[in-house]
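Chemist: Protein chains in written order, with the working numbering: chain A, 35 to 237; chain B, 35 to 237; chain C, 35 to 237.
None of these hints come from the bench; they were simulated from the model.
Where hints are given, some of them may not hold.
[Unchecked claim] In the DSS-like style, the derived pairs of lysine-lysine whose C-alpha atoms are separated by at most 25 Å in a straight line are:
{"no.": "1", "chain 1": "C", "residue 1": "K71", "chain 2": "B", "residue 2": "K71"}
{"no.": "2", "chain 1": "C", "residue 1": "K71", "chain 2": "A", "residue 2": "K71"}
{"no.": "3", "chain 1": "A", "residue 1": "K71", "chain 2": "B", "residue 2": "K71"}
[As the list claims (entries may be wrong)] Partial list, computed: chain A residues near chain C (C-beta under 10 Å):
{"no.": "4", "residue": "Q49"}
{"no.": "5", "residue": "I97"}
{"no.": "6", "residue": "Y157"}
{"no.": "7", "residue": "N160"}
{"no.": "8", "residue": "A164"}
{"no.": "9", "residue": "V186"}
{"no.": "10", "residue": "P187"}
{"no.": "11", "residue": "I196"}
{"no.": "12", "residue": "L202"}
Beta carbons: idealized from backbone N, C-alpha and C, even for Gly.
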Amino acid sequence: MSPEVPPEIFHHQLQQVLDLLGIFVFAAAGALMAVRKNFDVIGITLLAEVTALGGGVIRDVLIGAVPPAAFTDLGYFGTPLLAAGLVFFLHPQVERIMSAIDVLDAAGLGLFCVIGTAKAYAYGLNPIPAAALGVTTAVGGGALRDVLAREVPMVLRWDKEIYTFPALLGAGITAALIEFDLFGPVTATAAVTFAFSFRVLAL
Amino acid sequence: MSPEVPPEIFHHQLQQVLDLLGIFVFAAAGALMAVRKNFDVIGITLLAEVTALGGGVIRDVLIGAVPPAAFTDLGYFGTPLLAAGLVFFLHPQVERIMSAIDVLDAAGLGLFCVIGTAKAYAYGLNPIPAAALGVTTAVGGGALRDVLAREVPMVLRWDKEIYTFPALLGAGITAALIEFDLFGPVTATAAVTFAFSFRVLAL
Amino acid sequence: MSPEVPPEIFHHQLQQVLDLLGIFVFAAAGALMAVRKNFDVIGITLLAEVTALGGGVIRDVLIGAVPPAAFTDLGYFGTPLLAAGLVFFLHPQVERIMSAIDVLDAAGLGLFCVIGTAKAYAYGLNPIPAAALGVTTAVGGGALRDVLAREVPMVLRWDKEIYTFPALLGAGITAALIEFDLFGPVTATAAVTFAFSFRVLAL
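Take the sequences, apply the hints, and build the full model.
Modeler: Take a look at the structure:
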């Protein structure tokens with residue numbers, strides 16, 4: 035329960051860039067759903083924030099890392115605002131590059147299932163529950179978005195898309211790497227790439 | 035992260051009266067929705083509790099103030115029971131004064147966005163995330179109510195009512211007052227009044 | 035707020051067997067709903083985990099017992115996987131013994147409302163809020179399941195089944211027993227049995 039510093043997988047600045055990129059695309063996906071549902075600018079902003087930060091916030095609350103990083107790092111909090119603004123003004127253009135968004139979203143999924151697992155492990159969880167929280171980090175925000183927007187949560191459906199399974203694989207590989215003391219920048223990148231590729235192939 | 039005593043904006047007893055009044059009207063709004071949906075007395079009670087206390091509980095969990103005040107102060111917990119009972123027995127009469135309820139609900143909204151921001155700041159958050167939690171305090175319970183009752187969350191909709199925006203303004207003003215060291219009983223009252231008036235004008 | 039060791043009502047091994055049995059039947063109920071909604075194996079697993087562990091996780095987060103027991107004890111985490119697997123392969127058979135499942139679910143309801151109240155009290159809550167968290171332990175997972183699967187939460191409905199009320203009685207009796215210093219293995223068993231019987235009679 036004693037919070038240690040979560041391990042950074044990559045060089046500090048690289049990791050931060052990756053984090054913010056992942057948050058940005060998750061937020062854009064949330065904002066787009068809000069636009070399609072004719073929510074107003076407030077609804078777009080709220081759904082962008084919840085989609086982008088929800089998974090990490092749930093993980094942080096469950097491991098006792100409060101206040102969550104999303105509330106202490108202004109970059110985390112501000113990035114969804116930027117994404118919401120862009121989608122608000124440019125959503126026809128954003129819709130047009132939706133397949134590019136899907137690829138970026140897959141990158142976010144791959145990144146967050148690995149990072150989330152590593153952070154939960156650093157807070158003292160066993161590898162298996164840590165992997166469960168890694169999956170939560172990757173798909174939790176989307177699940178909250180779907181509940182708020184009254185969609186059947188994509189994480190539960192299989193007729194639609196294979197979404198949760200790549201995150202589960204990425205988190206499971208990460209847990210195994212940690213268990214066998216093989217977790218480092220190279221293997222972490224491999225795990226991210228694997229989950230990302232699996233998701234992209236399922237698109 | 036070390037919980038300090040949250041600052042009380044107003045005189046202790048005045049603040050408690052205001053808190054309980056806000057909780058009461060939020061609870062009444064939740065109970066009324068339950069009645070309209072033909073939920074039973076248990077459903078009315080649960081929805082009253084969730085609507086009245088949900089926003090503050092989410093804030094307290096996120097800032098690490100557990101157990102939340104809603105579970106340690108019997109007044110907080112008991113007030114929604116009272117509101118649920120009144121609505122259960124008198125809902126035709128309560129419906130008739132619904133516009134009065136709406137005005138009281140606006141007062142709760144104004145009060146809680148300011149108090150919530152101040153409490154989050156007192157727990158060490160920066161002003162901007164503190165304002166986000168102030169908004170959460172004001173609208174979170176209603177969002178939970180809408181999700182449980184399977185309504186599109188009012189906080190996301192604009193075709194219906196301008197609900198979240200006044201809370202956002204009130205929380206933003208509070209954060210600015212705190213940032214510039216101007217936060218006190220008088221300015222806090224002004225912020226509450228501003229958010230309240232904005233919401234009432236939008237009714 | 036200082037976590038004490040939660041009191042075990044029964045002999046350690048007996049309590050663990052009861053806990054896991056309760057988790058198993060809650061998980062089976064969640065998995066069955068997922069099957070009926072045509073969710074895939076991931077959806078079945080997620081809904082089993084959420085239904086079985088959700089109530090206890092919410093309670094643990096609210097009393098500050100993080101990481102929740104569900105994430106530190108592999109038995110808690112693994113049992114829903116087992117239930118999900120069984121339902122996935124054998125759901126026609128499971129459907130056929132649904133009335134048996136309902137009786138076991140009633141046992142889980144009775145057990146968790148009492149255990150949940152006792153644990154919340156052990157973490158320093160007053161008896162009344164502790165009872166509220168006991169009810170949350172018993173019905174919270176089912177509420178999360180219903181929200182994710184887009185059903186009207188059973189806890190709010192009365193046209194369907196008397197579900198929350200027996201949990202409320204069991205938790206209330208537990209709180210009274212604690213308050214009057216009468217809480218022990220025998221009286222706890224009586225409270226569990228009472229809530230269980232009430233629920234079974236309402237089936």
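Chemist: So which of those numbered hints doesn't the model satisfy?
Modeler: 4
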